[in-house]
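J.: Below are the chains, spelled out letter by letter.
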Amino acid sequence: AQTVTQSQPEMSVQEAETVTLSCTYDTSESDYYLFWYKQPPSRQMILVIRQEAYKQQNATENRFSVNFQKAAKSFSLKISDSQLGDAAMYFCAYRSASNDMRFGAGTRLTVKP
Amino acid sequence: GAGVSQSPSNKVTEKGKDVELRCDPISGHTALYWYRQSLGQGLEFLIYFQGNSAPDKSGLPSDRFSAERTGGSVSTLTIQRTQQEDSAVYLCASSTRQGSGNTIYFGEGSWLTVV
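So the protein sequences, as listed, match chains Z and U.
Residue numbers 1 to 113, in my numbering, belong to the letters of the first sequence in order.
Residue numbers 1 to 115, in my numbering, belong to the letters of the second sequence in order.
Treat the hints as calculated values from the structure; they're not laboratory data.
All values derive from a computational prediction rather than experimental measurement.
One thing to keep in mind: the hints can contain errors.
Here are some of the chain Z residues that sit facing chain U, going by a computed Cβ distance under 7 Å [as the list claims (entries may be wrong)]:
1. K70
2. R102
3. F103
Backbone N, C-alpha and C define an ideal beta-carbon position, used for all residues, glycine too.
For reference, chain Z alone in the conformation it holds in the complex:
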């Protein structure tokens, strides 16, 4: 099965600054999707952004963007103009063409006012 690695258990950022969360994955497949999910203290999982592996263009969603490096199997999340409400656990996820979906261990993001 595919593995997803998030090497930063915790990160912190000053409000209004930019932070990048790292994610790498291991796969032999060519067709797959990558996701970032946010989990606030409420525990509800919220989709932040997704990327199709066949697309070279990096996905962007308002203040959130990704740096997708397919050859390096890297999928980092950049949060610009960080807000207090961005504080949460962030999970990187890989979904295969067969719909199998695996998550990384998560990165806890703290936003300092």
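We have chain Z; now place chain U onto it with these hints.
T.: Coordinates of chain U only, in the frame set by chain Z:
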């Protein structure tokens, strides 16, 4: 319902007892996933269903864990002879089958405490 529904939301059980956790996916969603999340930890994959079949059961921690899905809808996760290390939040998610890029939607989880 409008979203993924899980029950019970909270369950306290004595060590050694069996528990059943239920997941009712969004109507029409053929893919269903179970994950386990210990306090402050990541999501541990348990099992996923495509319709009623489970292509990969390797995530189930032990033979005390089993899951089934009937009618392509509701799924139950059963834990037999519960142990304290089974205490965690059990999250269920579902999605449509068409295109693995489709978003998966999570329920609010079932918080299991084994005492």
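J.: Run the structure past the numbered hints and jot down the numbers of the failing ones, going up.
T.: Number 1 - this is the single hint that the structure violates.
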